[in-house]
Each structure stands twice: as C-alpha cells, then as structure tokens.
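**Q** Please build the complete structure, drawing on both the sequences and the hints.
Protein chains: 2
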Amino acid sequence: MEYWNDGVVGTQFQYSITPSLQSGFMRIIEHISEMQDWSEGERCQGRRIAMVPTMGFLHEGHLSLVREGKKRGDRLVVSIFVNPKQFGPREDFASYPRDFDRDRKLLELEGTDVLFCPTNEEMYPAGNQTYVEVENLSAPLCGGSRPGHFRGVATVVAKLFNIARPHVAVFGCKDYQQLQIIRRMVKDLNLGVEIVGHPIVREADGLAMSSRNAYLSAAEREAALCLSRALRQAETLLKEGETNSSVILERVGREIAREPLVRLEYAHLTDTENLLDLEQVRDSALLALAARIGKTRLIDNIILRR
Amino acid sequence: MEYWNDGVVGTQFQYSITPSLQSGFMRIIEHISEMQDWSEGERCQGRRIAMVPTMGFLHEGHLSLVREGKKRGDRLVVSIFVNPKQFGPREDFASYPRDFDRDRKLLELEGTDVLFCPTNEEMYPAGNQTYVEVENLSAPLCGGSRPGHFRGVATVVAKLFNIARPHVAVFGCKDYQQLQIIRRMVKDLNLGVEIVGHPIVREADGLAMSSRNAYLSAAEREAALCLSRALRQAETLLKEGETNSSVILERVGREIAREPLVRLEYAHLTDTENLLDLEQVRDSALLALAARIGKTRLIDNIILRR
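For the protein sequence lines, the chains are H and V, in the order given.
Counting from 1 along the first sequence, just add 4 to a position and that's the residue number in the working numbering.
Counting from 1 along the second sequence, just add 4 to a position and that's the residue number in the working numbering.
Please keep in mind that the hints were generated in silico from the structure rather than gathered at the bench.
Being a predicted model, the structure only gives us computed values, none of them experimental.
Think of the CB as a built atom: it goes at the ideal place given N, C-alpha and C, for glycine as much as any other residue.
No incorrect hints appear here.
Simulated pairs of lysine-lysine, PhoX-like, Cα-Cα distance not exceeding 25 Å:
id, chain 1, residue 1, chain 2, residue 2
1, V, K191, H, K191
2, V, K191, V, K89
3, V, K191, H, K89
Residues from chain V that face chain H, not an exhaustive set, calculated with beta carbons under 8 Å:
id, residue
4, V136
5, E139
6, M189
7, L195
8, G196
**A** This is the structure:
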C-alpha cells in the first residue's frame, strides 16, 4: 500500500489486552480544575505537554496520534469526550460507539500520562452559551451537510486547550477540514498551541479507519471501499497529466456510483489551506469526499500533489 | 453624592503630567509572543497577574480599575487596543478618541508593570475569521442596536486573556452587559480568569465617566445629566415602594423626554445575571439605559436593590 502518498497503513489491534498489562501509571482526571492545576504545574517545571483530543472508541488511527504525541512532548494528555455540541439533532450522538475500559487500557499501554475524561455536565454546565466559530473554513465541504458541527468542534477544542494547556496537539488528517479549522482558530485566538496533522491510517484494503466503521454491515464495509478506490483513481489521473477538476471529479463520481449501497454526499477538489474549490490542480489540492452507506456517514480524502 | 448605591464619585485628573514624572519602570509590549513569554515567566515564578483591558483615552473610571488591579495582583498588565471588531460600520471607530502619550504617562504613574498595546495587524492578521459568541446574553439591551458588538468584545477579550494570561481581570460596571458576557465566556471557555466588576465612576454632577463624553458639546454635556437623574429617580421610586417595572420605566422615560437634545434608545429593567426583562423588581434589578445626544451614544445603569 505504498501507493498512498499521504497515508500510512495500519493493522488491527496487535494487543491482547489483559488486566495484568495495566501499568497503573496513567492518571485519570475527570475534573477541569484538577486538569488545569496539573498542566500549570507541569508547564512551570519546564515540561512540554502534548495532547491528543479524541471521542474514544480508539482504533489504530487514534493510536498513531498518541504515539506521535508521545514523541512531541515530555508529558502526554489524551482526552476522551464524546462532544454533544458537534452532533446535529438527527445525528448519532446517542449511538456513537463507546468502550471506556478498552480505551483506558490501550492508552495506558501507549504510555499516556493523563487521561482526561470529563462528563457532559462538567464540560457544559447549565447556562453555557458560548461558541467559537471559524467562519469561512466552516462553510464548505462538511459544513453544508452538518450545520453547527464545526462550531461544536471549535468550541470543545478551545475548551480542551484552555483546560489542558498543551504546547502541542495532534489531530488526524482524515478530518482534514477540522484540522484546518483548528489551525486557524489557534492562530486567531492566540491559543499558543502547535497543531500537528497526522496522516490517515487505513485498513490493509484501503478503508480509512474511523470509529464509525463499526456501524457497517459486511456488505456495506465492502461497498465502502469505493471511496478510497475513487481517491486512488483520481491520483492516477493526475499523475497521467489530467489537471481539470471537472474531469477528475467526474471520474470520482462514476467510481462511487458503481456501488448501489453508497450515496455520494459531496466530492470536492479544493486548495489545501482555505478549502476553496479549484478549477485546475496546480501544485497540490485536497480531494475530499463524504458519502452515506446505509445509515453510516463516512468521509475520506487525499492530498494530491503534482 | 453618597446617593449612588453602586457607584463612586471621581474627580477630574489630579495629576499634572510632566516628563520628569515618567518613572521608566513600565514595560511597553507591542508583540503578542513577547507578552505571552512575559506572562508565562511571571506565572511560573508564582506571581499573580492582574489585567485591565482598555481602549485607551483613560479617565478616572479607567484609573479606578487600574488601582483595583494593582491591589489584586503581584503584577499589573493594562492593555490599550481600540478594537475595530466591536465597532459597527457606521460607528465611531475612526473618530474614537486616542491619546497614547498621555495614557502611557498616567499608567506609569499608577505603577503599571506592562502596557500591552498591539497594532491592528498584530491582533487581526490577514485571514483571521474566528469569533467568540456568548449567545443569550448578547441579544438584549445594546445587542439590539449594535449587532456584532458583543461578538467583537468577546473575541478580543478571549484573545487578550490568551495573550496576557491573567489570574484576575477588572472591568467597569458601566458596561454591565459586557461584564456579564465576559463572566459567562470565562466560565464557558474555561479561561480560568477571575472577573472583577468595579463600580461606575461619575463626575461630581452624576455623569458616568466615558471616553465618549469628549464628543459632547457644552449643551449636550448638560442635557446628558438627565440619564443619571432618571436612574436616581427610579431608585427613589423603588425606595418608596414602587416595584412595578412599567411604572418605573415610564418615569424614566418621562424624565429623559424632558431633554429635547436626548433621544432614549432603550430603558430596561432586568435581572442582574441573565439580563432578562422583569415585570416586578424583587431583590435586585439592573436598570440600564442607552441614549443618543447629538451624534454621541451614551449608556448608563444602576443596580437597584430593595
């Protein structure tokens, strides 16, 4: 799979998780004030704090972020918080997969220093009404079909950064729009956090890892492969010299249309920073897809480079 | 003027400002990264940082905040930044009064440790697009006539707090709605700053101090007194037993209507936390006014207590 120019190939979990492997050195913090005190103490001792914010139900993609975080800081904080504010009223907040015990064990094995796992009430006490909005970057791509989603993301990440006060934070490139929004927010609000984007981790057959893959039936799982296949075809087209967006996107659409179980929500070729549609690919471009497979909504993308 | 139950009476500047009085101990910082480094250093030495954000053109009201800040921290940061994002397109950003040299001298005399005075480009570089919004609290009172104003205020204060990282910040109660919005934002975004509201400072004749008083002609200055007079009358009414909001507001409106130079924009009696209109005054209430006198828009308020 060396084919992927912006991704790495992961495998299913190699760990056999047994209670005896719990090191017991990972601190679990549920309260905001305790997290803030810990971070202030570490910073004042000159330690560099790395953070990986997650919604849990960890897969190899998350773990690659965790390992990257380990390398980039003296202390690693991982948060698990399924953020209600980034789900729409008809979305899957209630059914979003959760497995705290398994996540805790995995994070302990990776040498996480602090697992921050606040409750909804701790994060959003009654009367809360403040939102962070990154305007232009939140409009295209997933912004169209998930109104309020990126506002919820920006708000919770701003909160998590104020709580854990990391020097550096690692996010996956699968949520590429989210990554750009967070980069912009950090600059605009002077949050002083270095943002690292980590390559997409894929299953051996190309499917981008996602907690939502757990929703897929066997037939849907097979059908979902058309997304990564379409991205690879676009990459091949570009390598063959085709730079016209319409031609590339038409090929992508055709490939996905061949799978009756998959409904393409969007396919866009945009610049990599502002996410504005491109007519021609020059140096580089983001090819981003969203699709529904049954009731599951999946996204995938590739950075195309000429 | 002991009449004012939530205010203090100030006088015009007592200082004669001469170059020889410049102590030279105040550090002036224009760059965000330098401000952040200074604050991180002070925090890690265990010092408590107090901050007073201002838009400059300092009057005795500001200086009372500065003195309060001095008392509440080991180090005092005052910022001067006329924030373009909190002015509407037809408002007075361009003409807002500025006198940096005078402000600098006054702050030095008060023992300010750092004057933070960034440029617009430093605060809002090209491409910036992130806003902080405190939803419910931004809607009533001045929110109606100044769309976007409180979004601009919340955004710049979030930035200033992330830059100067104070433990405590002092704001004037004249901008009572702003004060409540900032309190709420700090809670909601976990900014970890104690917010202190400081009483309104008034001229000897009752006019609430404001940088915008500089816009008033002599006749307008005289007419503007009807605002504080109306607030006092409302207080008297309440003391006499009148708790019906309509009756109190009607009296306020009548008093202000007697001044042909003054156009009342709004008068509201609300609760002191959520700023929702009250039909009856129970324990306490905010009576808030906004009015135009010529081209000048002034606000004033009083906390009424039974």
